[in-house]
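Asker: Residue numbers (this note's numbering), protein chains in the order written: chain E, 1225 to 1667; chain D, 15 to 299; chain C, 4 to 314.
For the record, the hints were derived by calculation from the structure and aren't laboratory data.
Careful, some of the hints might be misleading.
[Unchecked claim] Below, in silico cross-link-like pairs of lysine-lysine (DSS-like), each with a Cα-Cα straight-line distance of 25 angstroms or less:
{"hint": "1", "chain 1": "C", "residue 1": "Lys308", "chain 2": "D", "residue 2": "Lys78"}
{"hint": "2", "chain 1": "D", "residue 1": "Lys232", "chain 2": "E", "residue 2": "Lys1655"}
{"hint": "3", "chain 1": "D", "residue 1": "Lys78", "chain 2": "E", "residue 2": "Lys1655"}
{"hint": "4", "chain 1": "E", "residue 1": "Lys1652", "chain 2": "D", "residue 2": "Lys78"}
{"hint": "5", "chain 1": "D", "residue 1": "Lys232", "chain 2": "D", "residue 2": "Lys218"}
{"hint": "6", "chain 1": "D", "residue 1": "Lys232", "chain 2": "E", "residue 2": "Lys1652"}
{"hint": "7", "chain 1": "D", "residue 1": "Lys218", "chain 2": "E", "residue 2": "Lys1652"}
{"hint": "8", "chain 1": "D", "residue 1": "Lys166", "chain 2": "D", "residue 2": "Lys93"}
[Stated by the list, open to error] Across the chosen pairs, the derived CB separations fall in these ranges:
{"hint": "9", "chain 1": "D", "residue 1": "Asp176", "chain 2": "C", "residue 2": "Thr178", "range": "53 to 63 angstroms"}
{"hint": "10", "chain 1": "D", "residue 1": "Glu163", "chain 2": "E", "residue 2": "Asp1484", "range": "38 to 48 angstroms"}
{"hint": "11", "chain 1": "C", "residue 1": "Ala201", "chain 2": "E", "residue 2": "Phe1424", "range": "56 to 66 angstroms"}
{"hint": "12", "chain 1": "E", "residue 1": "Pro1409", "chain 2": "C", "residue 2": "Leu180", "range": "34 to 44 angstroms"}
{"hint": "13", "chain 1": "C", "residue 1": "Asn132", "chain 2": "E", "residue 2": "Val1448", "range": "46 to 56 angstroms"}
{"hint": "14", "chain 1": "E", "residue 1": "Val1448", "chain 2": "C", "residue 2": "Thr178", "range": "33 to 43 angstroms"}
{"hint": "15", "chain 1": "E", "residue 1": "Asn1515", "chain 2": "D", "residue 2": "Glu160", "range": "40 to 50 angstroms"}
{"hint": "16", "chain 1": "E", "residue 1": "Ser1492", "chain 2": "C", "residue 2": "Asp208", "range": "53 to 63 angstroms"}
Beta carbons: idealized from backbone N, C-alpha and C, even for Gly.
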Amino acid sequence: MKKQKDTLMVASLKDAVGGAVIALLMALVMVGMKVDVASGRGAELFIEDRWAAVAMAVAIVFVGRFVLNLFYWKKEDTEKPRLGSLLPSVSSFSGLGRFATPVLLALAVILPFLLMYWLGSRGSRQYIDLAILVLTYVMLGWGLNIVVGLAGLLDLGYVAFYAVGAYSYALLAHYFGFSFWLCLPLAGILAAFWGIILGFPVLRLRGDYLAIVTLAFGEIIRVVLLNWYEFTGGPDGLSGIPRPSFFGLEFTRGEGGFADFFGLKYSSIHRIIFLYYLILIMALVTNIVTNRLRRLPIGRAWEALREDEIACRSLGINTTNTKLTAFALGAMFGGFAGSFFATRQGFISPESFTFMESAVILAIVVLGGLGSQVGVVIASVVMIGGFEFFREFEEYRMLVFGLLMVVIMVWKPRGLISSRTPSIALSKNAKGISADLVQEGTG
Amino acid sequence: MSNTMKSWDNNPVLKIEHLTMRFGGLVAINDLSFNVGRGEITALIGPNGAGKTTVFNCVTGFYKPTEGRLVMARSGGEKYLLERMPDFKISAQAKVARTFQNIRLFGGMTILENLMVAQHNPLMVASQHTVGGLFGLPTYKRASNEAVEKAKYWLERTGLIDRADNPAADLPYGDQRRLEIARAMCTGPELLCLDEPAAGLNPKESAELNELLMYIRKEHDTSVLLIEHDMSVVMEISDHVVVLDYGVKISDGDPEFVKNDPHVIAAYLGVDDDEVDTVEQEVGL
Amino acid sequence: MDYFLQQLINGVTLGSIYGLIAIGYTMVYGIIGMINFAHGDIFMVGAFVALILIVTLGLSAATPVFLLIFALILVLVLAMALTAVWGWTVERVAYRPLRGSFRLAPLITAIGASITLQNFVQISQGARNKPLQPLISGGFQLTDGGPDGTGFVVQLSYMQIIIIVTTIALMAGFTFLINKTSLGRSQRACEQDRKMAALLGVNVDRTISLTFVMGAALAAVAGLMFLLYYGVIDFFIGFLAGVKAFTAAVLGGIGSLPGAMLGGLLIGLIETFWSGYFSVEYKDVAAFSILAIVLIFMPEGLLGKPEVEKV
C-alpha cells in the first residue's frame, strides 16, 4: 500500500517537473523578455526582462500539475490527462432544452423593463445594449446553424453575408433614401442572392475545402469593401446611416417624435428599447422559421444531407439545390442581422466584418451544440455576454475568450446541448437523439 | 421453355445494352447486355470483383457508363435513358430505387424520419416548394399525414413499427437492412435495386427477407434487381439469374439453367475455359 | 523584362516563406485531417522568439560578417527549438484530448488556440510594431539599368538568396526525412490508417506530436526569414500569413509536401505579380480567387491525390 503511494508520488513529481520544464521553455523568451522600441533612442529595440513572471508561470504549472496528478487524475490516468475530467461533469443539458425555452423567452420579453426597474433608465442602458449585442449573435448563430448545424456545410465566411446585409442597407439608404423597413427585406434578398452566387460554384467541394473557399470569399468581400473607396467609403466606412422608425415615428425629441405621440417624456432609452425588441423579434422569426423548416421536406433533406449525401441522391433529392437553399437561407438571415447592425450602429466599416467574426459565430454554433437552437442562445450569452461583462479587463478578455473556446470544446466536444430532437414522431414522448449518432456532414 | 421467348425479353422493365465501364485502363464491365423482366426478381451474381456493384452504380447514375444504353421503361410507357440522367433524377423520374452494400441510413435521424426523407419529392410539391408549408397550408398537412401513413405501412411490413422513433443507427444490423429496403420502397419505385440485401443476416432474417421481397413483387408491381452471394436466396426467389465474371456475362437464364451451366461452375470453382469439358464430365453433364 | 525578372525574384522569395509555413499545415492535415488554424500564430511566435534572441545577442549590421552568420544560425536553431515547444503544447492541450472526436471540435479549439496565442503575444510583447534594423543588406545587381542608366535595376539581395537557399535545403532535408527515415515511415503509416499503424506498434501520439514539432520548427524558420526580410513584425502577422499558407497548401494539394512548396511559390508569385502589374490593394483577392478557381475545377489541388467517392 505504502509503496503504491510512493510511486504515485514519484510519478506525479516527474510529471509536474516535465510540465514545469515545458512551461519554462515556453515562458523564458515569450514572457521573460519583452522586446520594445526605446522611446528616446530612435527606433532601437531593447529587452525588458520579467523573470518574476516566468518563475510564477513555472511555479503555477508545477504545483497545478502536481496537485492534479496526486488528487485528481490519480495514477491510472497520468499518461493521458484529460482536461475534461477537470471540469464538473454535467451529464446532459438535453432535458433542459424543453424546459429552458419558455423561461428564456419570458425573460427576454421582460428584460428591458426588469433592468429599468432595477437600474433606472440611465443605469440599464449599457445592459440593454449588451442584450442587443447578444441577441444579434443569437440571430447570426441561428442563421449559421441552418448551414452548419442542419445541412452540415462548413462555412467559415458567414460574416460576408452579414457585411452584405449591412452595406446593402447603408448604401440603399444613402443613394436612394430608402427607409429601414424597405431595406430590411431587400438586404436579406441581396444577401441570399450572394449566398447563391458564392454557393453555386463551391458547393460541390467537400469538408475543409468548402471551409477554406468560404473563408476566402469572406476575405475577398472584406478586401473589396476596404478598397472600393468611391462606393463603400473604404476603411473610413459609411456613417450617418438612418435610424429605424416606429411605424413612421422617429425617435426624436419634440413634435411628432415617438415620445410625443405616446405622450411620454422624451428619453434616449426609448430607441434602445425599441432596438432591443426589434432584434428580439427578428431573432425569434429566424428561430420560428428554422423550426418550421425542420419539419418540412426541405429541412429534413438538409439533415439527411448532413447524414449521408449519397443516400440522399439515391432517394431522388437534388443535393445541389438543397445545399443552395440552405446556403441562401442562412445568408438571408445573416443579411437581416447585418442591416440591423447597420441601423443600430449608424456607422459601418470593414473593420466589423473580419474573419474573427465568422470564427466567433461558428464557435457559438459549435459550442452550443450543432443544430441546437437553445444551445446557440446559451453559447451566445456565455461567450458574448461574458466577454462584454469583463470590459474592465480589456487586455485579457480576448485571451480568456480564446482559452474558453478551447476549454469548452475539450470538455464537451459535441457542444453544450448535444442531443437532436426528431422532426416528427409517432409517439408523444419521443426521446432526443444522442449526438454520438448524429453525423456532422462532410460538405 | 428454352425454345420459347423468355419472359424477361418480352416486356423488360430495364434493358441493359452493351454496357461498358472503364476506370482508366481497367475494364470493369465489358459489353454487358441483359434484360430485367417486369414484375420479376432478377439476380445478378458472380464472384467478388466481377463488377456487379459497378452495374448498379451505372444503373442508378452514380457512375456514367463509358459506353452502352440503359433503357428504363415505366409501366405507363415512358422510356428513360438512364445513362443520360443525373443520379437523383433516376430515382425521382425513372423510379429506380436502390440500397447499398454498406448500409447508408441517416443514422442520426429516426426511422420514421428516414422514411419521410424518402418521400421528399412528392412532399416538396405538396408544400409548394416550402413556401406553402411554411405558412401551414392544409395541402401540405394532408400530404404529410399521407406520407406518415405510407411510412407506417412499410414499417409494419418490415416489423419496425415499434421502433419508429428510435434513431436508425441504434438498430441491429438485420433491421437496418430491412429499413433500407423500406426506405427505398417509400420512393414508390418501379425497379428496386438491392445490393447484397442478405449480407450479414442470420438464416431467420434471411428467410424474412425472402418473404419481404416476394411480397414486394407480388403486391406492389415492383421489379427487383438484386446482387446476392447467398445462393439460397438467389435460387429460392429469383425468376431470372445473370452471372458476371470479370465484367463479362457468362450465363443468363432461369435459376435451374444457371445452376447447371458449366461456365458458372467453372467461374465459381476457378478453372480455365479449356478445362470446362473436364469439369462438365465430372459433374455429369 | 527587367521588371518582370525583379517581380519573379521577389515572388519566389515570398513564396519560399509561404511554402515553409504551408508544410506545417499540410503535414498536420495529412496526418490528422484537421486545419491547424493556430499554425499561422506559431509562425508569429517563431518570429518573435527570433527577434528577441537577435536583440538579446545585440546583433546589428555592424556585427562582423562571420560572427553575424554564426549568431544567426544560433538564433535559427534556438528559435526552431523554442517554437517547437509551443507547437507541441498547442497539440497536447487543444488537439490531443479531441482525437477521434468529431471534426468540428478540433477546428474550434484551433481557432481558440489562435485567438489565445495572438492575444497572449499582444499582452506579453505589446501591441506596437517591432521594427528591426536590417542586418544583412546589399546584393547583386543583375542588370545595370541600360547604357544611359535610366532603365530598371534588377536586384537580387543577399537576404533573398539566403531565404531561397535555406528553403531549398530544408525542403531537401524534409523530403529525406519523410521518405527515408523510420519517423517518416510511421508518419506516412499514420496518414494512411491510424488504427492499423497503432496495432503495428507505431506510437501514434508521439508521431503526431513530432509532426507538430516539425511543423512549428519550420514555421520558426519562416518567422526568422520574414523578420529579416521585412524588418518589422507585430502580433497580428500570423493570421494573414497563415491563411495564405493554408491556401498554398490546398492549392498544391493538401497532404503533399512538394505540393505545399509549389503552392507556396504560386501564391507568392501571384501576389507579387498582381501587386507589380495591377494593384497592391487587391493582391489578396487575386490569391484567394485563384484558390477558389483551382479548387472548383481541381478539388484535389495541383499535386494532391484525387479523393474517390465510394458508393
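Asker: Hint by hint, where does the structure go against what was stated? Just the numbers, ascending.
Answerer: Violated hints: 2, 3, 4, 6, 7, 8, 10, 11, 12, 13 and 15; rest satisfied.
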